[in-house]
Every structure is written in structure tokens, then in C-alpha cells.
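Asker: Chains as they are written, first to last, in the UniProt record's numbering: chain P, 1 to 285; chain Z, 1 to 454.
Watch out, some of these pointers could steer you wrong.
[As the list claims (entries may be wrong)] The calculated lysine to aspartate or glutamate pairs, modelled on EDC-like cross-linking and capped at a C-alpha distance of 16 Å, are:
no.	chain 1	residue 1	chain 2	residue 2
1	Z	K219	P	D229
2	P	K279	Z	D170
3	P	K279	Z	D165
4	P	K52	P	D130
[As the list claims (entries may be wrong)] FRET-style restraints, in silico, Cβ to Cβ:
no.	chain 1	residue 1	chain 2	residue 2	range
5	Z	R450	P	K268	50 to 56 Å
6	Z	R166	P	K268	20 to 26 Å
7	Z	A148	P	A278	21 to 27 Å
8	Z	R450	P	D281	44 to 50 Å
[Stated by the list, open to error] For the chain P half of the interface with chain Z, some residues (derived, Cβ under 7 Å), not all of them:
no.	residue
9	V5
10	L33
11	F188
12	T253
13	D255
Source of the hints: derived by calculation from the structure; they are not laboratory data. From the three backbone atoms N, C-alpha and C, an ideal C-beta is built for every residue, glycine too.
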Amino acid sequence: MFTSVDDVSARLAETGYLASPAVATTVFLADRLGKPLLVEGPAGVGKTELAKAVAEVAEARLVRLQCYEGVDESRALYEWNHAKQLLRISAGRDETWDETRTDIFSEEFLLTRPLLTAIRGDDPKVLLIDETDKADVEVEGLLLEVLSDFQVTVPELGTISATRRPFVVLTSNASRELSEALRRRCLFLHIGFPDEELERRIVRLKVPGLDEALTRSVVRVVGALRAMDLRKLPSVAETIDWARTLLALGAGTLDETVVRDTLGVLLKHQDDVLKAAAKLDLDAL
Amino acid sequence: MTTPAGAGVTERLTSFVAALRAHGVRIGTGETVDAAQAVEALGLADRELLREGLAATLLHGPGQRTVFDPVFDLYFPRGVGGPEQRTAGREDLRHRLADALTADDRAMLARLAVEAVDGFGGYGSSPGSDGWSSYQTLERLRPQTLFARVRDNVRGQGGSSGFTDRLLEDEIRRRIDAFRALVAAEARRRVAERRGRDEIARRAVAPTADRLDFLFAGKAQLAELRRTVSPLARKLATRLAARRRRASRGSIDLRRTLRGSLSTGGVPMRPVLRRRRPVRPELVLLCDVSGSVSGFSDFTMLLVQALHDQFSKVRVFAFVNRIDEVTQLLEHGTADPEGLGARIEAEATLTGYHGSSDYGMALGEFAERYGDAVGPRTTVFVLGDARTNMNDPNLPAVRQIAGQARRVYWLNPEQRSRWGTGDSAAPDYAELVEMHECRTARQLSALVARLLPV
Ligand SMILES: Nc1ncnc2c1ncn2[C@@H]1O[C@H](COP(=O)(O)OP(=O)(O)O)[C@@H](O)[C@H]1O
Ligand SMILES: [Mg+2]
Numbered sequence: 001m002f003t004s005v006d007d008v009s010a011r012l013a014e015t016g017y018l019a020s021p022a023v024a025t026t027v028f029l030a031d032r033l034g035k036p037l038l039v040e041g042p043a044g045v046g047k048t049e050l051a052k053a054v055a056e057v058a059e060a061r062l063v064r065l066q067c068y069e070g071v072d073e074s075r076a077l078y079e080w081n082h083a084k085q086l087l088r089i090s091a092g093r094d095e096t097w098d099e100t101r102t103d104i105f106s107e108e109f110l111l112t113r114p115l116l117t118a119i120r121g122d123d124p125k126v127l128l129i130d131e132t133d134k135a136d137v138e139v140e141g142l143l144l145e146v147l148s149d150f151q152v153t154v155p156e157l158g159t160i161s162a163t164r165r166p167f168v169v170l171t172s173n174a175s176r177e178l179s180e181a182l183r184r185r186c187l188f189l190h191i192g193f194p195d196e197e198l199e200r201r202i203v204r205l206k207v208p209g210l211d212e213a214l215t216r217s218v219v220r221v222v223g224a225l226r227a228m229d230l231r232k233l234p235s236v237a238e239t240i241d242w243a244r245t246l247l248a249l250g251a252g253t254l255d256e257t258v259v260r261d262t263l264g265v266l267l268k269h270q271d272d273v274l275k276a277a278a279k280l281d282l283d284a285l
Numbered sequence: 001m002t003t004p005a006g007a008g009v010t011e012r013l014t015s016f017v018a019a020l021r022a023h024g025v026r027i028g029t030g031e032t033v034d035a036a037q038a039v040e041a042l043g044l045a046d047r048e049l050l051r052e053g054l055a056a057t058l059l060h061g062p063g064q065r066t067v068f069d070p071v072f073d074l075y076f077p078r079g080v081g082g083p084e085q086r087t088a089g090r091e092d093l094r095h096r097l098a099d100a101l102t103a104d105d106r107a108m109l110a111r112l113a114v115e116a117v118d119g120f121g122g123y124g125s126s127p128g129s130d131g132w133s134s135y136q137t138l139e140r141l142r143p144q145t146l147f148a149r150v151r152d153n154v155r156g157q158g159g160s161s162g163f164t165d166r167l168l169e170d171e172i173r174r175r176i177d178a179f180r181a182l183v184a185a186e187a188r189r190r191v192a193e194r195r196g197r198d199e200i201a202r203r204a205v206a207p208t209a210d211r212l213d214f215l216f217a218g219k220a221q222l223a224e225l226r227r228t229v230s231p232l233a234r235k236l237a238t239r240l241a242a243r244r245r246r247a248s249r250g251s252i253d254l255r256r257t258l259r260g261s262l263s264t265g266g267v268p269m270r271p272v273l274r275r276r277r278p279v280r281p282e283l284v285l286l287c288d289v290s291g292s293v294s295g296f297s298d299f300t301m302l303l304v305q306a307l308h309d310q311f312s313k314v315r316v317f318a319f320v321n322r323i324d325e326v327t328q329l330l331e332h333g334t335a336d337p338e339g340l341g342a343r344i345e346a347e348a349t350l351t352g353y354h355g356s357s358d359y360g361m362a363l364g365e366f367a368e369r370y371g372d373a374v375g376p377r378t379t380v381f382v383l384g385d386a387r388t389n390m391n392d393p394n395l396p397a398v399r400q401i402a403g404q405a406r407r408v409y410w411l412n413p414e415q416r417s418r419w420g421t422g423d424s425a426a427p428d429y430a431e432l433v434e435m436h437e438c439r440t441a442r443q444l445s446a447l448v449a450r451l452l453p454v
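Produce the complete structure using the sequences and hints provided.
Answerer: Below, the structure written as C-alpha cells:
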């Protein structure tokens, strides 16, 4: 898919994703080695966005499994369309039960879910298993199975093998430790907060209306906040939101009033806001 | 494995993996094969890509990265030998360092770290006793003293004004910290180059906090160390109490033994031991808080403060080239150990005409101004590396203090083999007072348990 690490960076950048060297290298290797990519890091650093960007570059379909507490096989893999099956049965043709049964457990009545969708068909696909850490541990067994052989056995239909393996991205906020076995299947990539230069470029790209000097100031303030001991540090997503807010307010430069009035865009907890205001020498709120 | 670079790479990768395993990173054969493929796909030309590629294939979690990076630096060094350019001199290097810090030019800072270690980090000349020291490099280069210059440069270039100017000082501190870390990595790399990589990799990477060299500890590691102060103090207090019991279990008090024997018909059944009057000893601490020694001094001060119940009186003095009492600051400091260093710097007068340490001056001032703090019941601890910056060590002042005190001990955070090298006056002081090497928290607690008076 890619000819070099630089090729990865350049083509991701065309889609609006600015990759650090670590990100570009790991994406390159995941493609070369044909291994799933496990991306871990705090919220809002571009994990989901990376999978989308790779799909766009590869001109591949993005198949997304959004994990949550309680997600199960029928949501992740496949399910039989019971309603349709019932209709078919009650429509009752002139046939034996065996014939009916063979018919209702055929492709036509199968609801494919992301994991199955991703391994069927010949078109290129990117499988995004998003926020894997939110799923229950049992789901990991299922993922492991699918990601090991890229095949799925449906008892009524037999084994379905991928004719073309998808590019797989798993993301995690590390709210819980994923199993060692799953980790070992994957290449590991940690995305942290970007360095100043990269973050400036991201802001310039996403909020082009904001002038250069103000962009620089925005990134410096965010950097200062990240060095503080806060409950939740502002991420790239918040930097972008803040930049958009400042643009909308028509702020030409930062001053105490503007920062004080918009700090809530960057910090989500009231005690963080108070602490940061004190450290930044803003007047009492 | 077939790589452009051939068999040498395979071997290097294998021993790299072995070193990571020795540090507790679990790596299977599968990952090793992946890593070899990664090397093949990426080539060796770009070291940082190689680093990321190997990390992606060999690691499974972010926690392992702190072990991985230093081991990688040893097995895949930036360059072998010295820098492309030899340093013209200290001032020239400081000048260029100031520029790089001003521009926050990371690539340049990395190159300057290499130059700095090359120019100022080497010590000794005979094989076996020579080596490279990040501590010595930083002590000579003193990047922290560039702080004001860099700040003024940035402002002068219009790089900081208005609201964000208030962020500048902390930003510069973070840049200087980053440079220090680069120097440490480079010194480690050179030592590895000399001594054989595999041996160093086994022991030079990320020791547990209590075995960490004070002089090489980073900010995060010192913070981790500080968290061990109270448990350590509790342990030491128990040991001191035991020693005190043993010491007071002296001779038998005959009169009281006989008086006690009246109830047993005059047969002395229970010998009564003579109780020593519980006079608790006094302690005076003289602490060099300059530069990289400050990590050691801070920790020791906090430890002694946590032990203050054990003494009738504890007084603590801090110095760089002037000395000032900081006992009060320390008492209030237990709530915020992180801020101790900054508070001492802000509230005590520790420097005169210049910012570098001067033992002779500071010890002289102590003998003169605070001489009465030291009496026959006082034990004095001097904490510092005895590096006088070529100033007069002022031995008479030390002699005077030693004459007044019950005991004087000097705890030196530098390794013994470096005492007397360069501007170290350690051997001169060691002739007058008992000097101990004290490089790690582990060594410190052993010394405290043994030397503290009871
Ligand atoms: N390197 C990057 N290049 C471009 N946009 C980025 C980058 N990193 C983060 N973003 C932006 O930040 C926002 C949050 O990203 P997202 O992928 O949702 O974060 P995550 O999945 O890590 O929580 C998105 O709007 C995304 O466009
Ligand atoms: Mg996401």
C-alpha cells in the first residue's frame, strides 16, 4: 500500500492527518507485516481519525466496530434476522421442514456485523475496532480468534475466510489493560500529545483562519496546561476547539479576559479551571 | 534474516532483545521475527524510524518505553566516537547552547549534548579508571545558568510578549531539563561504548529508585524518591530506637538492685540496669544545594526533617557560596516537599557575587556567623561533592567546626574514584573529617542508620 514511511506521511497529510514519525513508521509496518495495529493513548489525540485517514488513503471502505460495555457476538460478528426468518416460515411454501431450515439459514437471512463484514468480499477495507477497552474481556477472545486467522465459522454456513485481509486498527484509551494475548497479536503504537511544532501544524490545518502568532500562543498555553497537575489534560481535540472558539470570537491576541472566558473549552472540570486560572495568574473568576 | 547490512545486524538485534528481556520486557520469538522484518523494511539509515519500528514490534504497552529507549541508545548508537566538530571552548559551547535553547531547536540540542560530553565529560587517563560523566559535563557547562540569557534572547527576538510571556520561564526550564537528559543519555552511550554494551545494559538502565545515583536522577525520579522519605524515616526511627536501647543497656545499678532485692529476702533476683539520662543529641546539617547536587541535599534534608523527633535539636543550613539557615523552611516544607528547593532558593540568601558553589566561602561564613550552633553534643553532617570551582577550600574553617563538634561527617554524592579529580577538594576535607561516599538512597539510609548519634 505504501512505498516508504515518507510516503505514509505525505499521503496521510493529503487527507488532513498529520502523522508524527512514530505514527507514520508504525502504519507503514502494520501494512508491510500485515499485522493489526493497536493504538493506545489519551482521548482526543487522533486515534480514531488515524484509522479514517488510512481508509481514505487506501481508498478502502471503513468498517467500524464501536465497542461499549455489553457489546457481544451478535453485535460484533453476525446475527440471524429472526423477523425475516419468521416471515419466511409463516409464508410457508410447499416444502419439507428440512428444506425450510436450509433456506432460512442462508446468506439472505444473515445480518453481518463489522467483524464479519470486514473479512468478506474482495474490496479493500479498513477495520476499526474503536475503544476496545470499553468492551468486556470476553469479547477479546472473539477478537483474537478473528484477528488470528481472519476467518469466522458460522455453524449453519461453514467457515468464512477472508479472501483479502483488512487493515486492522484497534484503539484504546487504556481505561483497562487489554489482555497480553491480544496485545501480542498487534503492533503497538502509543500516541501521546504532539510536540509543539506538530500541534501548531494541526491547528493551522484545521483552523486555517487563525493567524500564525495566535496559533503559536494557543499551543503554548495548552503546553503550559499540560505541564500542570490537572484531573484531565487538554488534548488535541480541545486545542482545535479552543482555536475555533477564538476565531469565532474574533480574538486577535490572547489576553487575560479572553483566556479566562474561554478556559472552559480546554478544561472540563471546574477545579481544573480554578487551578489553571491561579497558575496562569488570571484574576479571580 | 536477510538484511542489507547482513549478519552483524542480526546479532545486534538478538543481543538487543536479550538485554530487553533481562530488564523484564517479555518478548517472544514471534516479536523477534517481526522486529527483524521491521529492520528489513525500514533499513538502518534513519535511526529514529528504526527506534519506532522496533518499539512497535517488540513492545506491547507504553510502560516499557522507559526501559526500551536507553537500551536502544546503547545498541543502536547515534554515532560511534566523537562529534563531527570539536568544541572550541566552554564559552563558545555555552553560547551555541543558549542559541539552541532560545530557538528550542531539538536537533541542535542533541548535537550540542554530544559535543558537551566530548569536551567536558571525560575524566581520568589510565584505562580502567577513565570514563565519561554527565554530572561533570553539566557541572562545567552549567546550562541552568543560561536561563536568564535565554529568556532575554527570546524576549529580544520578540518571541514572547503579551499574555504568553508569563509562560516563558517554565518553558525554558523544561528545555534545559530536556538538554540535561540528552547529556545523560550521551554519557551513558559513551560509557557503554568503552565497557562493552552488554555489561552496561544489564546494570546502567533504570535502577530502582533507592539504587539510583542522586547525581544522575531526573526530575521524575527525584519525585519518586521523595515519596519514599516517610516509609524510610519510619524504618530508620525503629533502628535508631533499637540502637538507643542497646546503648543505654549499660552497667548494673548496684544500689537500686539491692534495694529491689529487699522483697526477695535480700537475694538480688532482678538486676536493675543503670538508666542513662535521655539526653537526645543535636544535629546540624550543612547542605550544598547548588546544581545537580541539590537532588541529594533535598532528599537528605527531608529525611532528616522526618527524623527530627529523634533529636533534641535539628538545625539545617543551605549554601551555594553563602550560607543561610533554612530550618524553618524545612519544618513547613514537609507538606510540600516538591517545592522545597524552590522555596530555599527564593527565601534564603545563598549566593553572593556569582552563582556557583564555593565551599571555602560558605564554610567560613558558617564558622563565623553560626559557630555557636555547634557544641560538644552536636553532630554535624556536611552534604556535598566538595567541588570548589577552584576556590580556596578554607580548611581552617572545617578544622574549627570539627574542633567544636562531637563528630563531623561528610557525605559525598560523588563516586569515590572521582574524589580529587578536577576541582574536587574531597581528599583535603577527608583528612579533617570522616567522609563517606553516598550516591544512592540505599547508601544514605545505611549511613544514617550507622552514623546518626543516639
Ligand atoms: N495528527 C492529527 N492530524 C489531524 N487532526 C488531528 C490529529 N490528531 C488529532 N486530530 C484531531 O483531533 C480530534 C480528535 O481526534 P480523535 O481521532 O477523535 O481522537 P481519539 O480517537 O484519539 O479520541 C479530531 O478532530 C482530529 O481531527
Ligand atoms: Mg476515538
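Asker: Run every hint past the structure and note whether it holds.
Answerer: Do the hints match the structure? See the list:
no. : hint                        : verdict
1   : Z/K219 - P/D229             : holds (15 Å)
2   : P/K279 - Z/D170             : holds (11 Å)
3   : P/K279 - Z/D165             : holds (13 Å)
4   : P/K52 - P/D130              : holds (11 Å)
5   : Z/R450 - P/K268: 50 to 56 Å : holds (52 Å)
6   : Z/R166 - P/K268: 20 to 26 Å : holds (23 Å)
7   : Z/A148 - P/A278: 21 to 27 Å : holds (25 Å)
8   : Z/R450 - P/D281: 44 to 50 Å : holds (48 Å)
9   : V5                          : holds (6 Å)
10  : L33                         : holds (6 Å)
11  : F188                        : holds (5 Å)
12  : T253                        : holds (6 Å)
13  : D255                        : holds (5 Å)
Hint compliance for this structure: no hint is broken.
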